[in-house]
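Protein chains in written order, with my numbering: chain A, 642 to 987; chain B, 1151 to 1423; chain C, 19 to 349.
What the hints contain is simulated information worked out from the structure, not anything from laboratory work. As the structure is a computational prediction, the values presented were derived from the model and not from experiment. In this text, a Cβ means the ideal position worked out from N, Cα and C, and glycines have one as well. Among the clues, some could well be false.
What the hints assert, rightly or not - Just the calculated beta-carbon pair ranges, DEER-fashion:
(1) A1339(B) - D327(C): 56 to 64 Å
(2) N710(A) - I152(C): 52 to 60 Å
(3) V336(C) - Q873(A): 30 to 38 Å
What the hints assert, rightly or not - Residues of chain C placed beyond 10 Å of chain A at every Cβ, according to the derived structure:
(4) P120
(5) Y212
(6) R265
(7) L343
If you want the building blocks of each chain, they are given just below.
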Amino acid sequence: MGQCGPARGAGSTRSVVRALALGIAGALIFTGCTVERYWGGEKVADNGKAKIGLVTKTDTNPYFVLLRNAARQQARKHGVEFSALAGRFDGDNAGQVTAIENLVQQGATTILITPNSSTGVLAAIDQARAKGVMVLALDTATEPENAVDGTIATDNTEAGEKQGRYVRAALGNTEPQLLMIDGTPGSSVDTERHTGFLRGFGMKEGDRRILGADSANGDQNMAQEAAENLLQRARSVNSVYTMNEPTARGFNAALQGSGLDPIVGSIDGGCQGVSNVRSGQIDATVMQFPAKMAQLGVDAAVEHAKSGKKVSGFHNTGSIVITDKPMPGVPSKNTEWGEKNCWGDT
Amino acid sequence: MTNENGAIFTARGLVKHYGSVVAMNGADFDLYPGEVLAVVGDNGAGKSTLIKSLSGAVIPDSGAMYLEGERVRFHGPLDARRAGIETVYQDLALAPAQDIATNLFLGREQRRPGLLGGLFRTLDARKMRAEAQRVMDELGVGISSVQQRVETLSGGQRQGVAVARAAAFSTRLVIMDEPTAALGVAESAKVLELIGRIRERGLPVVLVSHNMPHVFEIADRVHVHRLGKRVAVASPREHTMNQVVGLLTGALVMSEDGEITEAQDAVTAGLAE
Amino acid sequence: MTTSVETAPSARKTNLGEFILRTPAVGPALALLVAIAVFAMTTDTFLELDNLSLVVAQSLVIGTIALGQTLIILTAGIDLSCASIAVLATLVMADLAVGGMPGWVALLLGIVVTSAIAALNGALITSIRLPPFIVTLGMFTIATAVARIYSDGQSIPTTDSVLRWLSTRRYLFGGIEVTYGMTLALIMVLGLAYALAKTAWGKHVYAVGNDPEAARLSGISVRRTLLSVYIVAGVIYGIAAWQALGRVPNADPNAFQIGNLDAITAVVLGGTSLFGGRGSVLGTMIGALIVATLRSGLTQAGIDDLYQDVATGTLVIVAVALDRLSRRKQS
């Protein structure tokens, strides 16, 4: 450590030159030697300062943008190094693996990740942890959950349950006729919200009063298309589960001109979603708190660098129903509160 | 071995329609051993279709071609090449990003002998380069190295490469389509010299050209093409350029015995004064 | 008869520009060196042997796909379906292996799939004379959909030792950890470089890309050459699928969604002309390394990935501009 040491430096440095078969490299490495440098290995910060890397699923979703900005702000507050990376599209496992590898190489002490549940990503996380890096899952748990040191996320089952309870309460005594627009098939978030909703709604999977369900990958356009198709045969619908707010907006677009007005519930708490609730397109949405996740994650990273203490287990950052039509027995906040606490732009 | 009339390559009654357009209307053609035969004709006279038929690029609807006494049918340029007919196309058909030697042997690469060539299909680059150098020297095409890329050559040099390729592989005859059209005076002279040298080597050359002075400088006979067929065969020694121009515009006609007279129907033939 | 040799405009001594044009991998190699130099000086960690090994590993999948893409671009074509074909093959390989088939049989069948699809591309392009852009755009959509249908949208993990072989087997070379995957990629680059430079097939590939009509008139079967290029590219995509399973042992229908563009990026950064007829596979591998180097180096310099993309994109434009300018100077 600290110099181009004899153990790894000299002999193998020459091999680099040989391997690259390029003379110039010699000069470069010489220059490199004059700079103080680590030679890999232990990643715990020697000065007790955290070096944080955030790996989100994509850069495109406002939710992840908020997560990223909040984490950066918090890191700045603590005065620690922070860099953000992402996969380039939903499901970009290779991109996440590369990001983790490069962060470990960079000497990150903590990696915060919204993981794609893929064995490849899990293997990369495993390697990072083996090198002493604390890895925390943000927003999305890994499968299995103990693949990371700890998880800071919304309890999605609980959030789904809140949505379900609200929609059922809003129906009153009317016999439910439900449509469900799900997210990406197989993803844990999707499964948990779906299951939670049915529990809160008081229904079992396969109930005859579920008129139809379709997957829309959380995408507004796909949701609209799915909803249009479902509405063709489900004219009696009076209640709708949507996996997130873009999905709810897609559903709403499909409703236009159909003359139907079912209770639409959703999850997320994006500012656009809250304004959809205010305007009545969505009856209620369950807000989650990504900024809180980011802050908790960064705080944990700073603590870990100082004392070596690792976070473990699941930390629920909570969720709350946002609606202007509160229902008895379902705790909620109005859209005014929602607009103050929402994330993203309207 | 020649055809019955002493020609090495003969065509009789070639016809080609493109839809309702008649590109060849019973065209005849004769090339004699060791000569440079110029083919002249106005734009749209169908000489290009004739030349493409001879080089296999166009398949005539009817008519017959005889090469050294045998009836030949070409289904593509490769057939003509296999029969020993090499063509220098107007756009040269060279790969600009590749070097001269590669271009010379394009499509006819030579492999190394033995295992390398047989199993690994290794090309014999050295041999092809030497051979290319020899051909270029022999024909006097001035280049600094056969490893020069073609795109670095001047127009005349490119023409030289294309002509050298044809000369090197031709066993029967060489067809050249407008070889001087894109060249300046000095470069054209070089190409005409090249044509002369090919003739010296005993290969007959079919030269398609618009340029009368060039035709009269190098050709032994002039095939005049008009309205889809051969209307006359002139001789640079016996006829003047004006006469040939008259023949190809239809202002003059040549009788069976070679006598040239003014056309009766000059106006209807398109010669509007 | 002797004639005076006319002075060619470019008969002058070969200059640097000419050298770079002749050996198109030189420019990219210099760019890679500059990048390595910059990161060696600005970060503490980039030049570690582990990291160099990592950068190579990170560039293998796209690098391999890009080798096939290079062949096609050399013929003045383009393959937008390359990565989606490879993704489909990862699913087929992993699925068959999970189903109990021996790993090497699954591997071969996966390669058969990629070759067959690529051959279909080639057949459509050569027989109906459809533009490669359109055919492969269609195939991109189809292959992506078939991958999702085949896998039910689920990813398929694999632990098969043959399918994992390219990353699990490794050896030390001068202190650098070298996987079999890296070795295979090197062998492929050398083999393809040989085939392109030293065989008639290679000459024909370049000639077809340079000017298909000239190639046809020179007696080259343009169709057969093109078809062979697509099939060889297909085999390469199959091997890329194998590399992908080595790197991430989880065949995922959503993987490499923009791998086609990544591959084109590597090809262009490697100095191969999108207009066909010029370029090299060695350059392409270097191009893929440049992308991985930027990603790794910029991450270690603490720069966010969106800025990394800005850097990569800028480099692509610079590469093409240089290609254009150097050529304009020539002619």
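Hint-by-hint comparison with the structure:
| no. | hint | verdict |
| --- | --- | --- |
| 1 | A1339(B) - D327(C): 56 to 64 Å | holds, 58 Å |
| 2 | N710(A) - I152(C): 52 to 60 Å | violated, 41 Å |
| 3 | V336(C) - Q873(A): 30 to 38 Å | violated, 52 Å |
| 4 | P120 | holds, 21 Å |
| 5 | Y212 | holds, 18 Å |
| 6 | R265 | violated, 7 Å |
| 7 | L343 | holds, 24 Å |
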